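Chains as they are written, first to last, in my numbering: chain A, 1 to 160; chain B, 1 to 75.
By construction, these hints were calculated from the structure, which means they are not laboratory data. The structure displayed is predicted, hence computed values, not measured ones. Errors might be hidden in some of the hints.
In silico DSSO-like pairs for lysine-lysine, Cα to Cα no more than 30 angstroms straight-line [unchecked claim]:
no., chain 1, residue 1, chain 2, residue 2
1, B, Lys19, A, Lys7
2, B, Lys26, A, Lys97
3, A, Lys60, B, Lys19
4, A, Lys153, B, Lys30
5, A, Lys74, B, Lys19
6, B, Lys48, A, Lys153
7, B, Lys19, A, Lys97
8, B, Lys30, B, Lys48
9, A, Lys19, B, Lys19
10, A, Lys51, B, Lys30
11, A, Lys51, B, Lys26
12, A, Lys7, B, Lys64
13, A, Lys94, B, Lys19
14, A, Lys52, B, Lys19
15, A, Lys147, A, Lys132
16, A, Lys97, B, Lys30
17, A, Lys140, B, Lys19
18, A, Lys94, A, Lys147
19, A, Lys97, B, Lys64
20, B, Lys64, B, Lys48
21, B, Lys19, A, Lys53
22, B, Lys64, A, Lys51
23, B, Lys26, B, Lys3
24, B, Lys64, A, Lys153
25, B, Lys48, A, Lys19
26, A, Lys140, B, Lys26
27, A, Lys153, B, Lys3
A few chain A residues that don't get close to chain B, going by computed Cβ distances all over 10 angstroms [claimed, not checked]:
no., residue
28, Ala32
29, Phe57
30, Glu138
Even glycine gets a Cβ: it sits at the ideal position worked out from N, Cα and C.
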Amino acid sequence: MQNLKDKLSIICFSGDFDKLVAAFTLASGAAATNYEVNLFFTFWGLNILKKKKGRAFLGKGLLARFFSFLMGGKNNVPLSRFNFFGISPRLMTKMMKERNVATLDILIETAIDLGVNLYACDMTMNILGIIKDDYITEVKEVLGVAKFLEYSKGGETLFI
Amino acid sequence: MEKNQLDITNEHCPMTFVKVKLALEKIQPKDQLEVLLTEGEPLDNVPKTVKEQGHRVLEITCIKDDIYRILIEKC
Numbered sequence: 001m002q003n004l005k006d007k008l009s010i011i012c013f014s015g016d017f018d019k020l021v022a023a024f025t026l027a028s029g030a031a032a033t034n035y036e037v038n039l040f041f042t043f044w045g046l047n048i049l050k051k052k053k054g055r056a057f058l059g060k061g062l063l064a065r066f067f068s069f070l071m072g073g074k075n076n077v078p079l080s081r082f083n084f085f086g087i088s089p090r091l092m093t094k095m096m097k098e099r100n101v102a103t104l105d106i107l108i109e110t111a112i113d114l115g116v117n118l119y120a121c122d123m124t125m126n127i128l129g130i131i132k133d134d135y136i137t138e139v140k141e142v143l144g145v146a147k148f149l150e151y152s153k154g155g156e157t158l159f160i
Numbered sequence: 001m002e003k004n005q006l007d008i009t010n011e012h013c014p015m016t017f018v019k020v021k022l023a024l025e026k027i028q029p030k031d032q033l034e035v036l037l038t039e040g041e042p043l044d045n046v047p048k049t050v051k052e053q054g055h056r057v058l059e060i061t062c063i064k065d066d067i068y069r070i071l072i073e074k075c
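Construct the entire structure; sequences and hints are all you get.
Shown next, in the form of structure tokens:
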């Protein structure tokens, strides 16, 4: 029987398509093998959690709103290499579908179904003036470092 | 006792054992789940993770070339 205390915590710093695929693949796989999984989204990683999937002027203040627009949401996450103005993530998704590999959307949905905990970084949200309501409802809590350390204690932690 | 079926022959890691886990969550204890899978990663990992989660693997049979059928009882 698997030890129920097994735990994997991933700090999702990158907002890159490929790195998010890696994070959600690990998260789903670990959750399916009975790990407690915590995903802590900070900086660029937070873009994937926005309710608005495209570009939108979110946040407080002109600069923050403009910055949020430039970063965009789930539909705008770039490939870390060979992004080609956003065409490559779409091509990559097409290839993943053709080869029966789970796409980023499916991996996110699966991670949520398996009970993976999604957390958002308090500090980044403060910088951008973004509130919890701007993110998908599955975001369980807005955290700082102390709380993340408490939740990840006793398990493996990765930074992606 | 009910027998359920799941075909993961077209799936890849991690959806192979993810789909088995989700299918097992939907059935009742003592019910059986028949899984069709390919050799390699699915055959290596699915029976292993199922056992780790406390379920019983009753049977592993090769049914055609690299396609296998495993019979799981939910515990």
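Okay, the hints, checked on the actual structure:
Annotation: proposed proximity of Lys19/B to Lys7/A holds, straight-line Cα distance about 20 angstroms (limit 30 angstroms). For the hint linking Lys26/B to Lys97/A, the alpha-carbon distance of about 26 angstroms falls within 30 angstroms, and the restraint holds. Distance hint between Lys60/A and Lys19/B is unfulfilled; the C-alpha atoms sit about 41 angstroms from each other, more than 30 angstroms. With a C-alpha separation of about 36 angstroms, the suggested pair Lys153/A and Lys30/B falls outside the 30 angstroms cut-off, and the hint is violated.
As the CA atoms of Lys74/A and Lys19/B are separated by approximately 24 angstroms, the hinted pair is consistent with the 30 angstroms bound. This hinted pair checks out: Lys48/B and Lys153/A have alpha carbons roughly 27 angstroms apart, not beyond 30 angstroms. For the given pair, Lys19/B sits about 17 angstroms from Lys97/A by alpha-carbon distance, which is consistent with the 30 angstroms threshold. At most 30 angstroms may separate the alpha-carbon atoms for a hinted pair to count; Lys30/B and Lys48/B meet this at roughly 19 angstroms.
Pair hint Lys19/A plus Lys19/B holds up; C-alpha atoms about 23 angstroms apart against a cutoff of 30 angstroms. Under the criterion of a C-alpha separation no larger than 30 angstroms, the hint pairing Lys51/A with Lys30/B is inconsistent with the structure, at around 41 angstroms. Distance check on the hinted pair: Lys51/A and Lys26/B sit about 29 angstroms apart at the alpha-carbon level, within 30 angstroms; holds. For the proposed pair Lys7/A and Lys64/B, the alpha carbon gap of about 38 angstroms is over 30 angstroms, so the pair is violated.
Proposed proximity of Lys94/A and Lys19/B is supported: the alpha carbons are some 21 angstroms apart, at most 30 angstroms. Simply put, Lys52/A and Lys19/B have alpha-carbon atoms about 29 angstroms apart, close enough for the 30 angstroms limit, and the pair holds. Note on Lys147/A and Lys132/A: the hinted pairing holds, with a Cα-Cα distance of about 17 angstroms set against a maximum of 30 angstroms. Proposed proximity of Lys97/A and Lys30/B is contradicted: the alpha carbons are some 35 angstroms apart, above 30 angstroms.
With a C-alpha separation of about 24 angstroms, the suggested pair Lys140/A and Lys19/B falls inside the 30 angstroms cut-off, and the hint holds. Taking the CA atoms of Lys94/A and Lys147/A, the gap is about 38 angstroms. The hint is violated against a cut of 30 angstroms. Straight-line distance between C-alpha atoms of Lys97/A and Lys64/B comes to about 25 angstroms, which keeps the hinted pair within the 30 angstroms bound. The straight-line distance between the Cα atoms of Lys64/B and Lys48/B is roughly 21 angstroms, inside the 30 angstroms bound, and the hint therefore holds.
Restraint check: the Cα-Cα separation between Lys19/B and Lys53/A comes to about 26 angstroms, which is no more than 30 angstroms; the hinted pair holds. Between Lys64/B and Lys51/A, the direct Cα distance comes to roughly 46 angstroms. Violation of the 30 angstroms bound is thereby established for this hinted pair. With a CA separation close to 12 angstroms, the supplied pair Lys26/B and Lys3/B stays within the 30 angstroms bound. Taking the CA atoms of Lys64/B and Lys153/A, the gap is near 46 angstroms; set against the 30 angstroms cutoff, the hint is violated.
Under the criterion of a C-alpha separation no larger than 30 angstroms, the hint pairing Lys48/B with Lys19/A is consistent with the structure, at around 27 angstroms. The suggested pairing of Lys140/A with Lys26/B holds, with an alpha-carbon distance near 24 angstroms, which does not exceed 30 angstroms. Restraint check for Lys153/A and Lys3/B: not satisfied, since their Cα atoms lie roughly 40 angstroms apart, outside the 30 angstroms limit. Residue placement check: Ala32/A does not keep its beta carbon more than 10 angstroms from all beta carbons of chain B (closest about 4 angstroms).
Residue placement check: Phe57/A keeps its beta carbon more than 10 angstroms from all beta carbons of chain B (closest about 36 angstroms). The Cβ of Glu138/A lies farther than 10 angstroms from every Cβ of chain B, with a closest approach of about 17 angstroms, so its non-interface assignment holds.
The structure shown violates the earlier hints numbered 3, 4, 10, 12, 16, 18, 22, 24, 27 and 28.
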